[in-house]
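A.B. asks: Residue numbers (my numbering): 1 to 61.
Any given hint might turn out to be false.
[Stated by the list, open to error] Between beta-carbon pairs, the in silico distance windows are:
hint: 1; residue 1: ARG34; residue 2: LEU7; range: 24 to 32 Å
hint: 2; residue 1: LYS35; residue 2: ARG8; range: 42 to 50 Å
hint: 3; residue 1: THR53; residue 2: ASN26; range: 20 to 28 Å
hint: 4; residue 1: THR53; residue 2: LYS24; range: 14 to 22 Å
[What the hints assert, rightly or not] Distance condition first, Cα-Cα at most 27 Å in a straight line; then the derived DSS-like pairs of lysine-lysine:
hint: 5; residue 1: LYS41; residue 2: LYS20
hint: 6; residue 1: LYS55; residue 2: LYS35
hint: 7; residue 1: LYS24; residue 2: LYS35
hint: 8; residue 1: LYS55; residue 2: LYS20
hint: 9; residue 1: LYS59; residue 2: LYS35
hint: 10; residue 1: LYS41; residue 2: LYS55
hint: 11; residue 1: LYS55; residue 2: LYS42
Since the hints were made in silico from the structure, they are not lab data. Please read all numbers here as calculations on a predicted model, not as lab measurements. Each residue gets a CB set at the ideal place from its N, CA and C atoms; glycine is no exception.
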Amino acid sequence: MNRLEELRTFLAAAEEDFRKFYEKENNAAGTRARKHMQELKKLANTIRTEIQTMKEGLKKK
């Protein structure tokens, strides 16, 4: 569940930039939002890899 908390924390931190961009049309916030999305993509890929590794470990038992 550690990764789930990590995702929640990440999204909470990114939320303000998304609000500023979509509600106030702040271009700098849009740039930060894009950066958050790139970081989310990396985190998601890491989690996907961990899940796959764990699934393979469960099959061997």
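A.B. asks: For every hint, state whether the structure bears it out.
C.D. replies: Checked hints:
| no. | hint | in the structure |
| --- | --- | --- |
| 1 | ARG34 to LEU7: 24 to 32 Å | 18 Å, violated |
| 2 | LYS35 to ARG8: 42 to 50 Å | 19 Å, violated |
| 3 | THR53 to ASN26: 20 to 28 Å | 40 Å, violated |
| 4 | THR53 to LYS24: 14 to 22 Å | 42 Å, violated |
| 5 | LYS41 to LYS20 | 21 Å, holds |
| 6 | LYS55 to LYS35 | 30 Å, violated |
| 7 | LYS24 to LYS35 | 18 Å, holds |
| 8 | LYS55 to LYS20 | 39 Å, violated |
| 9 | LYS59 to LYS35 | 37 Å, violated |
| 10 | LYS41 to LYS55 | 21 Å, holds |
| 11 | LYS55 to LYS42 | 20 Å, holds |
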